[in-house]
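Just so you know, the sequences run in chain order E and X.
Start counting the first sequence at 1; every next residue gets the next number (the numbering used here).
Start counting the second sequence at 113; every next residue gets the next number (the numbering used here).
None of these hints come from the bench; they were simulated from the model.
Hints may contain errors.
Straight-line Cα separation of at most 25 Å, BS3-like style, residue types lysine-lysine; simulated pairs [said to hold, decoys possible]:
1) E:99 - X:132
2) X:178 - X:132
3) X:167 - X:132
4) X:126 - X:178
5) X:178 - X:167
6) E:51 - E:111
7) E:99 - X:176
8) X:178 - E:99
9) E:99 - X:153
10) E:70 - E:99
11) E:111 - X:153
12) X:132 - X:176
13) X:126 - X:167
14) X:126 - E:99
15) E:51 - E:70
What follows is a set of in silico ranges between Cβ atoms, one per label pair, in the way DEER data are often shown [unchecked claim]:
16) X:126 - E:18: 42 to 52 Å
17) X:167 - E:60: 20 to 30 Å
18) X:171 - E:27: 37 to 47 Å
Note that the coordinates shown come from a computational prediction; the quantities given were computed from them, not determined experimentally.
For glycine and all other residues, C-beta sits at the position ideal for the given N, C-alpha and C.
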Amino acid sequence: GQQLNQSPQSMFIQEGEDVSMNCTSSSIFNTWLWYKQDPGEGPVLLIALYKAGELTSNGRLTAQFGITRKDSFLNISASIPSDVGIYFCAGFRPSNTGKLIFGQGTTLQVKP
Amino acid sequence: GAVVSQHPSWVICKSGTSVKIECRSLDFQATTMFWYRQFPKQSLMLMATSNEGSKATYEQGVEKDKFLINHASLTLSTLTVTSAHPEDSSFYICSGGDRRNSNQPQHFGDGTRLSIL
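Chain E with its partners taken away, still in its complex shape (with noise of 0.2 Å):
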């Protein structure tokens, strides 16, 4: 089926770094989503966007709905062990009856 194309695939990355993820699509979106799911469990959203260009943040992330409506990233600031996961972006296009489109994921790894 129809997926975004989410980048990048996996990271490993210092206790302390900053951390960008972003998606990409070839056509437009209403709302991009951005989810995080440990292992086992099932995604948790982080971040809602409604409007291109909303630039939202919600503690140390950050997420941004891109102007051409058709991209979005997601930045983490000061990672720490806690955020190891994998992060999905999703999102809602204009004619899709409320069915969410996914991203591959990105995972997350973060070493103390």
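Dock chain X against the given chain E, drawing on the hints supplied.
Using the frame of chain E, we list chain X on its own:
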């Protein structure tokens, strides 16, 4: 925030058994629930959309007779994997949404790990 409860969290059963997974929205009315399947190190794959009071809509390639979905109330959807086989072993996740606000984020259950021996 919105909470979705999924049960059971882990099932191990013999090949040929049918397994039922429940998904409940605890503090909101989920007119629509979504069922996903996730293989290790992969993204979530939408299997079907469950609409309260009507038939589920299945994604291409998903067998509706194999994966029976019932959404009899605004707070409960069930997925039954019929005559399960080892290749059905996977992580199944549900999410709930309010169709009246189709662009609002879906909230996910904690998933069900299904292992068929």
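Given the hint that residue 167 (chain X) pairs with residue 132 (chain X), test it: the Cα-Cα distance must not exceed 25 Å.
Roughly 17 Å between the alpha carbons, so the hint for residue 167 (chain X) and residue 132 (chain X) holds.
25 Å limit on alpha-carbon distance, applied to hinted pair residue 126 (chain X) and residue 178 (chain X)
16 Å, holds
Given hint residue 167 (chain X) paired with residue 178 (chain X) - CA-CA distance at most 25 Å:
Within the cut-off at roughly 15 Å; holds.
If I claimed the Cβ atoms of residue 171 (chain X) and residue 27 (chain E) lie 37 to 47 Å apart, would that claim hold in this structure?
18 Å, violated
Regarding the pair residue 111 (chain E) and residue 153 (chain X), is the alpha-carbon distance no greater than 25 Å?
Since the Cα atoms of residue 111 (chain E) and residue 153 (chain X) sit roughly 20 Å apart, the hinted pair holds (cutoff 25 Å).
Do residue 167 (chain X) and residue 60 (chain E) keep their Cβ atoms within the hinted range of 20 to 30 Å?
44 Å, violated
Restraint status (C-alpha distance of residue 126 (chain X) to residue 99 (chain E) at most 25 Å):
Outside the cut-off at roughly 33 Å; violated.
Satisfaction of hint between residue 153 (chain X) and residue 99 (chain E), Cα-Cα up to 25 Å
22 Å, holds
Next pair to validate is residue 132 (chain X) with residue 176 (chain X); report whether the Cα-Cα distance is within 25 Å.
Distance of about 14 Å is within 25 Å: holds.
Regarding the pair residue 178 (chain X) and residue 99 (chain E), is the alpha-carbon distance no greater than 25 Å?
Distance ~22 Å between residue 178 (chain X) and residue 99 (chain E) Cα, so the pair holds.
Sort out whether residue 132 (chain X) lies within 25 Å of residue 99 (chain E), counting only the CA atoms.
23 Å, holds
Keeping to a limit of 25 Å between CA atoms, is the pair of residue 70 (chain E) and residue 99 (chain E) held or broken?
17 Å, holds
Hints 6, 13, 14, 17 and 18, counting from the list given before, are not met by this structure.
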